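Kindly produce the complete structure, drawing on both the sequences and the hints.
Sequence lines, in order, name chains A and B. The first sequence begins at 8 in the numbering used here and counts up by one. The second sequence begins at 8 in the numbering used here and counts up by one.
It should be emphasised that the hints constitute simulated quantities derived from the structure, not laboratory data. Note that the structure is predicted; figures quoted are calculated from it, not measured. We put the CB at the ideal spot given by N, CA and C, even for glycine. Be aware that a few hints might be false.
[What the hints assert, rightly or not] Derived, one-sided and incomplete: chain B residues facing chain A with beta-carbon distance under 7 Å:
1) 22
2) 50
3) 53
4) 76
5) 120
6) 259
7) 262
8) 289
9) 290
[What the hints assert, rightly or not] Covered by chain B, according to a simulated footprint, are these stretches of chain A (three or more residues, beta-carbon under 8 Å):
10) 11-20
11) 44-57
12) 60-66
13) 123-136
14) 252-262
15) 273-286
[Stated by the list, open to error] Computed footprint of chain B on chain A; a stretch qualifies when at least three of its residues, placed anywhere within it, have a C-beta under 8 Å from a C-beta of chain B:
16) 70-78
17) 162-171
There are 2 protein chains.
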Amino acid sequence: MINYDGFFSTAGRSMRESAIRQMGKVLAQTTDIISFAPGYPAEDSFPWSAFAAIARDVLEAADGSVLQYGPTRGYRPLREALVGLMRDRGITANADDVVVTTGSQQGLDLIARVLLDPGDVVLVELPTYTGAISAFRAVGASLVGIRQQDDGIDLDHLETTLRDLRESGQRVKCLYLVPNFQNPTGRLLSLDKRRAVLEWAERRDVLIIEDDPYRDLFFPDVTTEAETRPIAADDAEGWVVYLSSFSKTLAPGFRVGWIHAPSGIAAKIELAKQAEDLCSGGLDQRIVFEACRRGLLAQHVPALRTQYQAKRDVMRRALVRETKGQIRWIDPRGGFFLWAQLAPPLDSRAVLAQARAHGVIFVVGHAFFVDGSGDAYLRLSFSAPSPDRIDEGVKRLARAIDAAAAG
Amino acid sequence: MINYDGFFSTAGRSMRESAIRQMGKVLAQTTDIISFAPGYPAEDSFPWSAFAAIARDVLEAADGSVLQYGPTRGYRPLREALVGLMRDRGITANADDVVVTTGSQQGLDLIARVLLDPGDVVLVELPTYTGAISAFRAVGASLVGIRQQDDGIDLDHLETTLRDLRESGQRVKCLYLVPNFQNPTGRLLSLDKRRAVLEWAERRDVLIIEDDPYRDLFFPDVTTEAETRPIAADDAEGWVVYLSSFSKTLAPGFRVGWIHAPSGIAAKIELAKQAEDLCSGGLDQRIVFEACRRGLLAQHVPALRTQYQAKRDVMRRALVRETKGQIRWIDPRGGFFLWAQLAPPLDSRAVLAQARAHGVIFVVGHAFFVDGSGDAYLRLSFSAPSPDRIDEGVKRLARAIDAAAAG
Chain A
8 MINYDGFFST
18 AGRSMRESAI
28 RQMGKVLAQT
38 TDIISFAPGY
48 PAEDSFPWSA
58 FAAIARDVLE
68 AADGSVLQYG
78 PTRGYRPLRE
88 ALVGLMRDRG
98 ITANADDVVV
108 TTGSQQGLDL
118 IARVLLDPGD
128 VVLVELPTYT
138 GAISAFRAVG
148 ASLVGIRQQD
158 DGIDLDHLET
168 TLRDLRESGQ
178 RVKCLYLVPN
188 FQNPTGRLLS
198 LDKRRAVLEW
208 AERRDVLIIE
218 DDPYRDLFFP
228 DVTTEAETRP
238 IAADDAEGWV
248 VYLSSFSKTL
258 APGFRVGWIH
268 APSGIAAKIE
278 LAKQAEDLCS
288 GGLDQRIVFE
298 ACRRGLLAQH
308 VPALRTQYQA
318 KRDVMRRALV
328 RETKGQIRWI
338 DPRGGFFLWA
348 QLAPPLDSRA
358 VLAQARAHGV
368 IFVVGHAFFV
378 DGSGDAYLRL
388 SFSAPSPDRI
398 DEGVKRLARA
408 IDAAAAG
Chain B
8 MINYDGFFST
18 AGRSMRESAI
28 RQMGKVLAQT
38 TDIISFAPGY
48 PAEDSFPWSA
58 FAAIARDVLE
68 AADGSVLQYG
78 PTRGYRPLRE
88 ALVGLMRDRG
98 ITANADDVVV
108 TTGSQQGLDL
118 IARVLLDPGD
128 VVLVELPTYT
138 GAISAFRAVG
148 ASLVGIRQQD
158 DGIDLDHLET
168 TLRDLRESGQ
178 RVKCLYLVPN
188 FQNPTGRLLS
198 LDKRRAVLEW
208 AERRDVLIIE
218 DDPYRDLFFP
228 DVTTEAETRP
238 IAADDAEGWV
248 VYLSSFSKTL
258 APGFRVGWIH
268 APSGIAAKIE
278 LAKQAEDLCS
288 GGLDQRIVFE
298 ACRRGLLAQH
308 VPALRTQYQA
318 KRDVMRRALV
328 RETKGQIRWI
338 DPRGGFFLWA
348 QLAPPLDSRA
358 VLAQARAHGV
368 IFVVGHAFFV
378 DGSGDAYLRL
388 SFSAPSPDRI
398 DEGVKRLARA
408 IDAAAAG
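Right under this line is the structure:
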């Protein structure tokens, strides 16, 4: 047996499996388990027959470029459609500055590679998205957490943290934010804070990486579309690198996301993508483009809002009914996640061990905190399971919490 | 205007556009240009109606997992099909050690990230594939070139180069090879040298990265299938990381390639892929799997061999007829490329300037040499243009060479 340890890079040696993907493996191995773990969209929401019709039209046209190597920045008509889609969000974009990515995860990875050297600091929210943590850590960046308040990131903590880091000689390059229905907390960053954080970035010479996969999935009963206005919409100078995706609105299997960045950064991202995968899938890009062009996306998204809002209601009702003060949570105003906190001294890892035995899984809060904290929290995704399964899953979770409390 | 220079990483600052992709942009901007530049498969060879039928069946079945996030290592039945496909090539593989990648380019990138730190040495052939150069340089690796002979890499030069590098204290981790119809030379590594290079790797503690996208496209008039036996087929101990792809046999637009690696390395590659794009396209993987399962691939490949062999004949005949001793070349025994050398003092960059004016493009040899040499060479891809266009393109090229010689 060869020992490969000496062959691995520093990055290779330090790679660890994400807690979310671990839960995916638990799911694949087990029967009758209800998963609140990964942020998967509801499969029964995929518009199958519309996709089948589009795929048929695209392939029957036998346009060679569909299945040939394509431009690294992506299929031009799709990039133009993305400009229109961003315009609807308030962002003035240029198709030349759009790069189609193999999902938003690749977008995060490309940004990390283009901007970050080992030791460079990225400021992230406490808690934040695990995929961003993985992408930034893969290039050796140092992640420093900023606390959140009900209306999003704590601006005072942001400022004092930056000052302390700079005083200690560290290079702070970026602030990573998920302003809309944050993963994992489901929080919405207030409009006032969006303006303030952009003004802060300009003043402090820090780029903002704005990750916006959930924007379309606001819940109309408690959130207006105006409240989801991206930070990038007010960025006249070029401080914001904006990412979004079709994974939550059409389907993740197409692996189509995008980046809109200032021209100089977009050019570097293109070069990084060229070395990373040459181009994203051609058929996937055409299907997504046709879904935009034919109005499928525009017609589909309001139905998704209603569907996910109803699932949130089911989870919330079940939590109110089943749990007895051992848990409190933030009411989601959009997106896929309900962020819950256990009453002391309960620990989410102990609860997860019980939960697996009771046939339900979630992601432990710890996975989302770059400072090693978060043991009191759990992320519950209500997006994928059916309403009945959500209800049953919360029952099992409540029993698991009881068991953990008793244990 | 913000100056972003201070925000870029070391890798970001050093990224350069590949010569091949630059030619792609020339092509997009110009009318009536014949391209011998990128290694594109022939679009008229894509089995459109078979793909359309498969896509319809896959989407009409409405199996949620097709469009959901999938396992990072890839769709399990596809990985099992890949084991069978590798078995036909002589390789004993295990589905657990296979990682489906977003094209072979991602395979190279993932291997680079998992294995290479800045300054680590990768030995490559002189000349070698530009995409590998990009992927290895993106992680800061140092590339050192090994000369080739008619039957492939020069083993004496390989040994003396390794010795010199080690004596000077450098860490030589890998040897990158394209044994079958090498990009750009079209050369076939002899079976004797394949055995010798594997034995050398074991003795010298160097991993072999074997990149094998062209293996299926041997030309039956001058090459037997037995001569394409991968190095990995004789690797009992685990010194070879093997990559291949469906881009040349089905279509590049699906972005489906794969890596077969020793278990310990495959596990790290999976983690790197998780951070890089989570998973490859779901629909693409299903279509490729069905193309394997239904026998489409097996039926299609012999026709491709005949087609590309005939195109090679057209290019060769035209070169014999049109050029008058200003150029010599290696007769391709498979693959997409004819590697040509200009008679002194002609320089391929001067010829390219003339060629663009005459309506034909290729890739300058320089792009494939990590030691800064190669100005006398050009790579001519005969895979994509029609036979008539190949013939006309060579006429234009001959006139361009005349003009460069006169200039």
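The hints, checked one at a time:
no.	hint	result
1	22	4 Å, holds
2	50	3 Å, holds
3	53	5 Å, holds
4	76	5 Å, holds
5	120	6 Å, holds
6	259	5 Å, holds
7	262	5 Å, holds
8	289	3 Å, holds
9	290	6 Å, holds
10	11-20	holds (count 7)
11	44-57	holds (count 8)
12	60-66	holds (count 3)
13	123-136	holds (count 3)
14	252-262	holds (count 6)
15	273-286	holds (count 9)
16	70-78	holds (count 8)
17	162-171	violated (count 0)
Against the hints set out earlier in the document, a violation occurs for number 17 only.
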